[in-house]
Amino acid sequence: MKLGGYMGKILEVDLTAKKSRTFPTGEDLIRDYVGGRGFVAKLLWDLVPRGADPLSPENVVVIAPGPLTGVFVPASGKVHMGAKSPATGGYGDSNMGGHFSPEIKYAGYDALVVRGKAEKPVVLVIDDDKVSFEDAGDLWGKGAITAEKILKDRLGEDFQIAVIGPAGENLVKFACISHDFGRQAGRTGVGAVWGSKNLKAVAVRGSRTIPVAQPKEAFSKAKEMYKTCFHKPGFKTWTPYGTAEVVDWVNKVGAFPTKNFSTTYFERHNRINGQSLKERILITDKGCFGCPTPCGKYSRAQTRLGEVLVEGPEYETIALLGGNVALGEIEEVAYANRVADELGLDTISAGNVAAFAIECFEKGLLSREQIGRNLSWGDLESVVYLLEKMARREGIGDLLAEGVKVASEKIGGGSERFAIHVKGLEWSGYEARWAPAMMISYITCDVGAHHNRSWAITFDVAKGRDSLEGKADKAIELQHIRPLFDVLGLCRLQWVEIGFELENYAEIFPMVTGLGYSWEDLIKVSERIWNLTRAFSAREIPGFGRSFDYPPARFMEEPVPDGPAKGKFLARESVDRLLDDYYAKRGWTKEGIPTRSKLSELGLDFVAEELEKDGYSI
Amino acid sequence: MKGDPAKIRVTLSAMGHSAQYFPGGSGKVEIYVTPPRTLEGILEDLCVAKDLFMFALVEDKKVGFDYVPRDGDEVVLVSPVMGG
Ligand code: SF4
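Chains as they are written, first to last, in UniProt numbering: chain S, 1 to 618; chain W, 1 to 84.
Accuracy of the hints is not assured; some may be wrong.
Short derived list, chain W residues pointing at chain S, Cβ under 10 Å [claimed, not checked]:
(1) GLY16
(2) MET54
(3) VAL78
It should be emphasised that the hints constitute simulated quantities derived from the structure, not laboratory data. Yeah, the Cβ is synthetic: ideal placement off N, Cα and C, and Gly gets one too.
Generate the whole structure from the sequences, applying the supplied hints.
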């Protein structure tokens with residue numbers, strides 16, 4: 001049977017030679033990795049030369065929709081973007097919504113691979129089969145949102161555009177890729193990789209139809225899926241506020257990043273919560289391709305620094321550019337959000353870095369002279385100043401642009417204790433000193449301290465927040481389910497937020513693709529990818545293993561000083577117990593490297609051979 | 001207990017991922033309680049942590065965990081938003 005959901009070819013672009021070619025989407029690639037995140041992981045494994053500098057022309061960018069992207073499955077507009085990460089030196093990827101992903105399929109491709117480095121800044125323009133390299137000299141230095149608008153005016157509204165801002169151009173290790181004036185592939189510094197290739201933007205337009213294996217059945221199932229979404233009780237409560245809804249709850253359970261994660265309860269949380277957003281700054285809702293539950297919030301905010309229009313702020317931005325730097329008004333958070341978006345900074349990492357700098361200043365580890373001004377908590381000017389400096393690598397910004405890990409190593413003075421990251425990636429919006437399942441989720445996440453692979457605080461609440469039992473199992477279960485959405489090219493929020501049943505996806509997948517995979521088969525694919533991304537980091541980072549999986553000392557040694565989690569911390573022995581349990585359940589060595597037998601079971605013998613060559617005893 | 005005139009009937013349904021932690025994992029229970037009993041008290045009786053939910057809805061209106069259900073109320077408990 002002819003496969004549906006796939007366009008049959010991958011576009012490979014060489015920026016150095018200004019040439020492109022296509023190659024068929026391999027049957028093995030589809031069978032074992034399915035699409036999206038799976039294609040990113042496998043193509044990076046195959047194409048990135050061992051030991052490549054992430055910011056050199058040798059690094060490879062892979063951009064991949066999933067097999068369900070762009071057909072009529074609800075919320076099927078997600079794209080996965082990957083490269084060897086300049087933030088961690090290991091496997092890096094990030095996911096983005098909007099309308100970019102379906103357009104890649106309409107142009108005829110299952111993935112884009114970008115290699116080399118353009119001599120001068122370029123926009124890669126993909127118009128169905130036609131691939132061109134347009135001069136981006138006049139766009140270099142322009143903000144991400146501004147540049148996207150110029151390109152829309154220049155190329156036409158029907159082009160979908162992904163673009164970097166000054167942070168990407170200046171190789172800031174947490175630069176993001178921006179699209180649709182407020183959607184980002186934020187994490188792991190993928191924007192810096194684009195910058196290192198002189199790639200300002202990718203513009204795509206397509207006119208093809210995506211084949212579907214059983215169109216009648218798939219269409220009727222998709223219709224039923226939309227209907228079910230609209231009738232879920234959560235539909236009415238979740239959509240008006242989006243992710244900002246959860247701010248009060250995260251404070252209530254003592255997990256809200258506050259003042260560089262020094263504490264976990266922000267007393268002004270009710271000034272930056274979903275209700276504040278809705279009542280004070282919201283203009284309208286905005287959604288990605290085919291989304292029944294638009295969580296994007298388009299806002300207008302007035303502050304003493306001026307007025308901004310911004311998509312957001314969503315929860316992560318409120319946590320990291322709100323509580324974590326102690327900005328206590330939603331308008332201020334929206335302002336900082338807009339500044340970061342235009343500069344092309346990941347708001348999660350940027351909020352961490354700004355908070356780290358403020359704490360260093362407070363503790364006398366960075367002086368006024370080094371910084372160029374005084375810094376204080378809850379001060380919008382301080383935050384905006386730091387964002388500008390880091391994005392442009394000016395003054396202290398040059399050091400901060402490296403991220404908290406490198407900055408703390410250079411600053412010293414014990415600042416490593418409060419550099420909040422894992423593997424070099426700054427921590428996202430849930431503090432985990434009193435949430436062991438969330439802690440093991442964060443520290444074992446394949447890209448660094450990110451919540452999106454496994455979010456497990458309610459499991460901690462349900463099973464006991466001091467207990468370690470079963471926490472590793474839960475993290476593993478979620479680390480297979482949640483990234484599967486990134487494989488399929490779908491948004492997972494309909495499942496996680498409004499309780500849309502997983503069975504729906506299992507049912508529609510074979511109808512669209514013609515692949516007779518059960519849900520369990522797909523979970524196995526997800527496990528294969530998880531082991532491959534771990535192995536990628538092991539291959540690329542000398543001495544990789546257990547020592548890379550610890551949280552910052554603050555979380556293991558400093559009791560939370562106040563709020564609902566007062567007195568709580570997760571001692572190193574407990575972290576070790578969690579890691580032992582996790583590695584054993586995964587079939588990894590005590591050092592956290594996939595064993596040969598686990599790799600064989602997953603059809604990854606070629607990976608085992610590489611790891612053995614590297615001297616890992618597996 | 002059904003049939004006991006001193007008791008009222010309350011239906012609790014959990015919306016979102018916390019539903020799995022309801023008794024039986026079904027996310028829905030119908031119970032008979034002796035009034036007045038707060039929502040928090042009812043959840044305690046069921047051994048369900050109230051922190052598993054952000055808030056509750058009765059007839060589409062937000063209520064706190066100090067809400068005292070009336071006979072026949074259908075209470076929807078909303079799970080925390082997890083984000084991306
Ligand atoms: S729920 Fe939000 S992120 Fe997901 S598809 Fe809809 S608008 Fe996009």
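Report holds or violated for the interface hint on GLY16/W, using the least CB-CB distance to chain S and a cut-off of 10 Å. holds, 5 Å
Holds or violated: is there a CB of chain S closer than 10 Å to the CB of VAL78/W? holds, 6 Å
Verify the interface restraint on MET54/W: the C-beta must sit less than 10 Å from at least one C-beta of chain S. holds, 4 Å
Against the hints set out earlier in the document, no violation occurs for any number.
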